[in-house]
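Chemist: Two chains, each in its own frame: build the complex with the hints.
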Amino acid sequence: MLAYFIKKIPQTIIVILGVSFISFFVMHLSGNPAQLLLPPEATEAEIEAFSHALGYDRPVHIQYLDFLKGAVTGDFGTSMVHRRSAFQLVMERLPATLELSVAAMLFAVIIAIPTGVISAIKRNSWYDYFTMLFTLGGQSIPTFWLGIMLMMLFSVKFQLFPTSGRGTWQQLILPTITLGTFYLAMISRLTRAGLLDILEEDYIRTARAKGVKESLVIIKHGLKNSLIPLVTVIGLQFGKLLGGAIVTETVFEWPGVGRLAITAINQRDFTVVQTVVVILAITFVAVNLFTDLIYSYLDPRIRFDAED
Amino acid sequence: MKKVIIMLLVISMAVGLFAVGCSSNPEQNAGKEDQKETAQEPDATSGQEDEKDKEVVLVIAQTRDVTSLDYALASQTETLNMSSNIFDTLVRLDENYNYVPWLAESWENPDPNTWVFHLREGIKFTNGEAVNAGAVKYSMERIMDPEVKSPQAWRLTLVDKIETPDANTVVIKTKQPYAALINIMTLMFVVPPKAVEEMGNEQFAQNPIGSGPFVFEKFVPGEEVVLVANKDYWKGAPKVDKLVFRPISEASTRVAALETGEVDIIGSVPPNRLDALNKNQDIKTSAKTGIMLYMGLDTFNPPLDKVKVRQAVNYAMDVQAITDSILLGTARPMAGPVFRATKGFDEDIKPYPHDIDKAKQLLKEAGYENGFELTLSTPPQGVEGTTNTMEVAQAIAAQLGEVGIKVTLDITDPATQFERYKNKEFQAYLFTWDTQVEPDRYLYSLFNSEARGYYYKNEQVDALLGEGRSTMDQEAREKIYNELHQLLYEDAPWGFLYNQEAYYGVRANVDYEAPVDGIMFMYNAEKNG
Chain A
1 MLAYFIKKIP QTIIVILGVS FISFFVMHLS GNPAQLLLPP EATEAEIEAF SHALGYDRPV
61 HIQYLDFLKG AVTGDFGTSM VHRRSAFQLV MERLPATLEL SVAAMLFAVI IAIPTGVISA
121 IKRNSWYDYF TMLFTLGGQS IPTFWLGIML MMLFSVKFQL FPTSGRGTWQ QLILPTITLG
181 TFYLAMISRL TRAGLLDILE EDYIRTARAK GVKESLVIIK HGLKNSLIPL VTVIGLQFGK
241 LLGGAIVTET VFEWPGVGRL AITAINQRDF TVVQTVVVIL AITFVAVNLF TDLIYSYLDP
301 RIRFDAED
Chain B
1 MKKVIIMLLV ISMAVGLFAV GCSSNPEQNA GKEDQKETAQ EPDATSGQED EKDKEVVLVI
61 AQTRDVTSLD YALASQTETL NMSSNIFDTL VRLDENYNYV PWLAESWENP DPNTWVFHLR
121 EGIKFTNGEA VNAGAVKYSM ERIMDPEVKS PQAWRLTLVD KIETPDANTV VIKTKQPYAA
181 LINIMTLMFV VPPKAVEEMG NEQFAQNPIG SGPFVFEKFV PGEEVVLVAN KDYWKGAPKV
241 DKLVFRPISE ASTRVAALET GEVDIIGSVP PNRLDALNKN QDIKTSAKTG IMLYMGLDTF
301 NPPLDKVKVR QAVNYAMDVQ AITDSILLGT ARPMAGPVFR ATKGFDEDIK PYPHDIDKAK
361 QLLKEAGYEN GFELTLSTPP QGVEGTTNTM EVAQAIAAQL GEVGIKVTLD ITDPATQFER
421 YKNKEFQAYL FTWDTQVEPD RYLYSLFNSE ARGYYYKNEQ VDALLGEGRS TMDQEAREKI
481 YNELHQLLYE DAPWGFLYNQ EAYYGVRANV DYEAPVDGIM FMYNAEKNG
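Residue numbers (this note's numbering), protein chains in the order written: chain A, 1 to 308; chain B, 1 to 529.
These are calculated hints, taken from the structure and not from any lab test.
As the structure is a prediction and not an experimental result, all values here were calculated from the model.
It is possible that part of the hints are untrue.
The calculated lysine-lysine pairs, modelled on DSS-like cross-linking and capped at a C-alpha distance of 30 Å, are [said to hold, decoys possible]: (1) B:Lys279 - A:Lys69; (2) B:Lys527 - A:Lys157; (3) A:Lys157 - B:Lys54; (4) B:Lys279 - A:Lys157; (5) A:Lys157 - B:Lys149; (6) B:Lys457 - B:Lys350; (7) A:Lys157 - B:Lys242.
Isolated chain B (complex conformation) (with noise of 0.2 Å):
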């Protein structure tokens, strides 16, 4: 007996010491925020490298684990980060949503089919090759080579080849006049011939090199992708000596590392913690773009074969009630499907207004009256959780039954969701899009009948998107798409819900701002203290 009570002491006794042990130590791990940042690290080997002491960390939490660095590759937000920060690419979008010269010192069309880009002289990857036109046309025909599968072939489809009349110059011909070229080659990230064909690309996407302004320093997969400062980059060296991302795919997860300092930045902060964040002393929110949630309709069967009753289902919503109880703000009602950053955005044309009346007697003039039963298929969440589906769903299904429009829900599995979708198998669906400037990228393969003619066919804005695809004059091209959005907005092959804007989470003494593209470029990134 008396053994066995010892036994017990003995236990608590050592998961005492066990907890006392753990509290002296993480509390400089955890990150009591002056400790962290000006490396006095109690595990950094002192004394013997002195540059390290003064060394900025930036420590961002993305959410999911990198798969590749090479966005040649993979085509995942993650990778598409890491790219970003390792390669550069011709043009880059500034926060005014213009292109501005980056690798290209400038650029012209002699033709409709002709894109010539002038690159600055003298840039070299960090392996020694030398940034020139040779460097552009093996990147660019890496990807549109079939045998190494790149999920971004298909951007390249309507380009015919590329020349390079001398070492700086590049020279593009598509195969029609493609307006959007500019915006794909924001995507373009140059690599090192030479060190692609040494190391083979499945290899180099591991370990990439690039011209950039961070260097690869090593890749932990599921733990860790460490870039650190490239002090030689042709623009000047960035504020920070190194970055450090790591994947923590739980948004509570995510928040909390934020609030103890572990890390300094975050996306993705779900509405709900908005508000703890930003009465914490610490930390700062900000966002600049996002995603948009819309309800796709089905516009070859009735009763949605009809405009008016589309434009009931749109009246009968109330959209803003919904950004303001679920979404807490964090998101606006649609005025068609065009993006306020998209060039061409009619400023003039408002959502929907909440019009329960107009809603009916629209129903009414249509021969719906009483009107009808409809299913709406939706996710149980957003992607990665961005979004809030389900309620959505929910809401709209009691503001509808309002003007006598019976919603079933259908919950869809979101692995599932896009085989049914080409099935025509839904009737209403919730789907949603990322925020993008160029409006071939997203009008296109939304509402082209031959890209997506599953829900919608319209000959008229067939016509208007393949003009707009292939005019090059910026005038002539922003009418057309304003054109475009009045008719989409009249013709309303969907019910429009919201833009949501995408919050990142940054600690009080870091500077930077939510990205314009989405895309977590750090190279004007700066941490104090």
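In isolation and in its complexed conformation, chain A is listed as follows (with noise of 0.2 Å):
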């Protein structure tokens, strides 16, 4: 099991060392950032001028070199716009892009599931077209316009929750509904699916067989083991999700990591976007490394073969 997680470490590196890599020199392809810190009116020898106390017209792998000496150490730059450490900015935002994707993760999941299995099990039933129907809609509708209708419905119509921002549980509501219902739709899918599949299984069949009460056949033997694809498509979403929620933060004024990663980008903020993509990236990686363990310890022939 160690072995296995201690394996990756290598590769681990190489993705986030490749991701910043590639970021770093795909902005500064686009060109110099100087300008867009200075009002329209300034001249080009003002601007030139700008650009070298900043350090922006030094080679780019000057730049880059000097940016991984920095990284390594935790001091990712400062961001020319906010005046401030890169890496505090990025982090001050971490716990609400956290705190709206757990949110969101948890509303798909803990409806989707049960929905799930019932479609399953009420297949070609009215609740199973009517469950479909919704969850075709769910991952079709686009995020952007599901979150402003629910805004001009239940903020400006209905005044029963704030239109934007983050602090009261209610400002939590609407962008985790709109963060959340795709994934509910795909997740509920999926379960039905799934354990439509398993439910052909032998050993359903046995268990049947045997004399095993239905709703214990259903829960027992057939959601665990559906769990098993389940928890990876989870577990890899949620590393997505984690990317920053850009669009629903931006309808909703939420202060988190997506938000940031926009502005800055729009900004040419190189230090922030480039904190952000290493972040980000590491992040990824980690709920990667997390789901897999997870699964491995759900499926015990993973974790027996691993440890041959």
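Modeler: Here it is, written out as structure tokens:
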């Protein structure tokens, strides 16, 4: 088990380095950020002087090496827009993104799994058709539209929830629903499909033949086994969620990492963009590793194979 | 089976309870107007501070997050809004675009290269330091210091030195006569030297101390900035007790927040929401200034190197149709590149009329009877979604097509747009610019061949710009810019488009008008009920 993870470490480092390298060079290809930091009235001579003062006119590979040197010690540079440590800026926003991601995933999972199970059991019933229609909608509706519609309805029209911001739990509801709906739909369908497959298996028939109560058959033998691929999907999707649900964060003005990244990209705030990329890469890799762990715990076959 | 049904029922009940539980509280938070104003807020610690019961709070939604509160370190509009309320300047602009005394009681020019400002006596920063000539000198030299890397440094390149003959007199010597300096002084915020030295510039920008009408209380990045009234403000305390600035980047969300009463004031109202807001009894809108959209032309290469061709382009366009249908009447066709607010604006110059025949005739005279091909570069939308550049570009393409000019659209990415512009890649391009009062601040940057000689050079224009910059006499200056206005109008280095007003949405019970300089200065704002 441990060996499995130790083997993964060099792989992980290469991935993170590669990601930071690519994003750094692509960003610098897009031009000099000094101009965006100054008001439009500044003349070219003034922009060049400012650019020189900030070190943006040095060769790109030198700037990259400088970045790496700092990154190893946790210093990702200073944001020229915020005039503060880029690392600190990203860390400030991470809790907000985590909060929203966890809430959205919980919302999705808690509703999706039972509905998926029921759909599988009551296959082809009215309930099933209705649920599948709903989930199709959930996967097709653009997050942007859903968020604004929910806001128009529940904030402006019915005055039930605040429109934006973070702080009270009421402000969490609409963004959670907006962000979570897609995953709710997806997980529900996956649960249904997975369970249907498993219910065809021989061991299910055996359990029924043994006289095991139907509910136990479904939950203990059916659901538990279908959880394995499901957990993998949920884990990977959570990693994606952490990438900052940019659209949801923008619509509801949620102070997360996604919004920070978009603003930084538009303002060419190189250090912040770079920091976000690296930290998200690390987070994604960590979530993947964690998912691997859970997966191997759930499926003993993997566990024992790995130990050989 | 039964268990499954029960599980489902339990879940739906839970969700239902959830929803019901939500409806009671947020009604008070989401803001039925009356309850929000006079802070009988449910989460206010009642009984502890009786003064807080009558606290008047203004919530303002800006388009972007505040990054820094010190304009000396960051040049975003949001930062300017903060600094404007926390600090004082020597002079300010009033609603009629005149410079009025603020920290400075009076000023004069003993010679064209010298400015003498006489400061009011007895004003203090909120930390007790004196607002005197030394503080003014320190504040300006801090910006000029290359170590500080201030994005405002370039504004002071024509300043030679700053002297303080006594505690209440500031003498600024310029390298050449520079009439626009008085306008620059409206952006020179005065900071307390000792506090800045102790905290360092970066720290100070997050915890600013000033002498202005509001005092910094807290800054939660990404969420809000809170300023409280300076009760001891030397001009008299402001009429509201607290300002809360929140970022809401999505226009629909911003408008929704205004409609629910969660915020009291918003800027950047998109034109297509104005109608709905104006019909709303609880909301009013106003606009004073804004931005302009223009089509720059490459005058160095054919066919646009011929003035007749450029004029033809202007005659062929129907800007009024564009402002009516796309901008829904929130913009006006430009009469040349000079803003109405600028002193020297020539009232007699009217926007180029839409005249297809004249356009065709000019093209024929220039030798382009059959038209030509034109590439028009445009960003997908204006800065912060302020204006619909894509739709405008498409309309222009259609209009120019009628006189034989075949337009191909080239969509640019805002981040690389400037780079390409500098590399002279554009033939025709759409750009925006903020409205300015001081002509030197924009005309010089836009048309001087040394500042921006990528697509246009006219020696006569250069000469007039230089003269305008260094003439100190107001009347003489106006004549120069008047001449410049005429010249640029006829030489048509641009396809002149429109001036669009920036609309502010305000709750009906709040007394606040759109600012003439685009800066949200809240000193005179009031809130009733």
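Chemist: Decide, hint by hint, whether the structure agrees.
Modeler: Results of checking the hints against the structure:
{"no.": "1", "hint": "B:Lys279 - A:Lys69", "result": "violated, 59 Å"}
{"no.": "2", "hint": "B:Lys527 - A:Lys157", "result": "holds, 25 Å"}
{"no.": "3", "hint": "A:Lys157 - B:Lys54", "result": "holds, 29 Å"}
{"no.": "4", "hint": "B:Lys279 - A:Lys157", "result": "holds, 16 Å"}
{"no.": "5", "hint": "A:Lys157 - B:Lys149", "result": "violated, 48 Å"}
{"no.": "6", "hint": "B:Lys457 - B:Lys350", "result": "holds, 24 Å"}
{"no.": "7", "hint": "A:Lys157 - B:Lys242", "result": "holds, 28 Å"}
Consistency with the previously given hints fails for numbers 1, 5, ordered from lowest to highest.
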